[in-house]
Amino acid sequence: MKIKLDPRTKLYMIFIVSAVVMMSATTPFLWAVRILMTVIPIILLMCNKRYASAIRFLFLYAVALVLTFTCITEDSKGIFMAFLVGYCAIIVQFAPAMITAWYVVKTTKIDEFVSSMQKMHVPDGITISLAVVMRFFPTIKEEYAAISDAMKMRGIRFGGGNAVKMMEFRMIPLLFSCVNIGDELSAAAVTRGLGGKVKRSSIVDLKFKVQDYLLIIAFTAVLAVFIYNKYFMK
Amino acid sequence: MNDKKLKVKDFITVGIFTAILFVVEFACGMLGFFHPYIVASYVIMIPLVGCIPMMLFYTKVEKFGMITIMSVLMAIIMFVTGMGYLGAPLIIGAGVLADLIAMSGKYKSFKKTVLSNGVFSLWICANYFPVVITAKSYREGLLESGYSQEYCDNLFRAINFKTIGVLLILCFVFGCVGAFLGKAVVKKHFEKAGIV
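Protein chains in written order, with our numbering: chain H, 3 to 236; chain V, 623 to 818.
Extracted from the complex, chain H is given alone in its bound form (with noise of 0.2 Å):
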């Protein structure tokens, strides 16, 4: 079974998680509603058949929430307590938005992105902006990749350990090479018609269907509940 969503739902799930993300949740109903909002990108990525990731998260996601449940109070000391309980802490406050936010990333693709855009009338400064840095993640995590390979060749481990000389040897060939991409980028979309004056037509029809519906109204509901009980229960 695979679940294709409108990207403009999956926008709207980002917004929304993003938003809750920010309270913290106080009772157990509301850690409840929580892990069930961490849980549907979960299964959304199961879906498109992306389980290897899917697991890797729940079983991140679940461990920090174990931990943080049972073995971390207040009193907690030590460096390595201190540790645990900061990447603990960071894991489940964070994980939600982390989650959405990855599977959005990789189940959308740029085209889809850039027509929703357009449907919603975002100038097209943001719109290709944004798809540029959506898309460039994963080009830097490779090239980065790429450098270090280049210095491991050339017998440099971490320039003498140099904090400076360091920093210089990763930054600056990153920066030529995303340079150069992004020159090649340019090229590649102008021919393909980007920045034109014409109103451009796009291959992907976008339109809400069941799934998006259902969703949307989940994720409103989600929001719904956590302020209402953040400003209305007192």
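Please note that a few of the clues may not be correct.
Unchecked claim - To give an idea of the interface, some chain V residues facing chain H are shown, with a C-beta separation under 10 Å as derived from the structure:
id : residue
1  : 630
2  : 632
3  : 638
4  : 641
5  : 687
6  : 688
7  : 692
8  : 715
9  : 718
10 : 719
11 : 807
12 : 810
The hints are simulated quantities; they were obtained by calculation from the structure and are not laboratory data. Just so you know, these numbers come straight off a predicted model, no measurement behind them. Backbone N, C-alpha and C define an ideal beta-carbon position, used for all residues, glycine too.
Model the placement of chain V on the given structure of chain H, informed by the hints.
Relative to the frame of chain H, chain V by itself:
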């Protein structure tokens, strides 16, 4: 004149440098889990590290709007990664102001670029806004989500209403210092290679 309008190439440049800047910010942000004072020292670290891409970016900026778009993108990314919407006005404000300053020097004057980079660096302080403005509920949130009392105390000793002014000034100063540093690096590496 069509030259004044932003073209696709400019948008792509903005996108790329925003991505790089965010990676820098994220890498520095990871260190913050060790100790809250490191969180406060972002104002020094990020301008100094981020200055290199920023100065390279400035050499590519020739029209009004590029820095503004960058700040809008930063605001969006900060929101999506869960830093909240409180800082967004500051980020975008700093971006527009930086853009205007750079424009008054026609994007060529180095002095104006230094100032502009200093102003743009203020966006880093937007990270602190949730800590300062919603101090009480933020603290409760941290304690509930499992941070130790000690971490919280230190965090709030380092960042509060009194210190935010200092942090803003530090941001600006190190943004300016970073501009010189970045300029030197760009000169050393990129001008020689003929990329700029």
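Review point. Hint by hint, which ones does the structure fall short of?
Key: Those not satisfied are hints 8, 9, 10.
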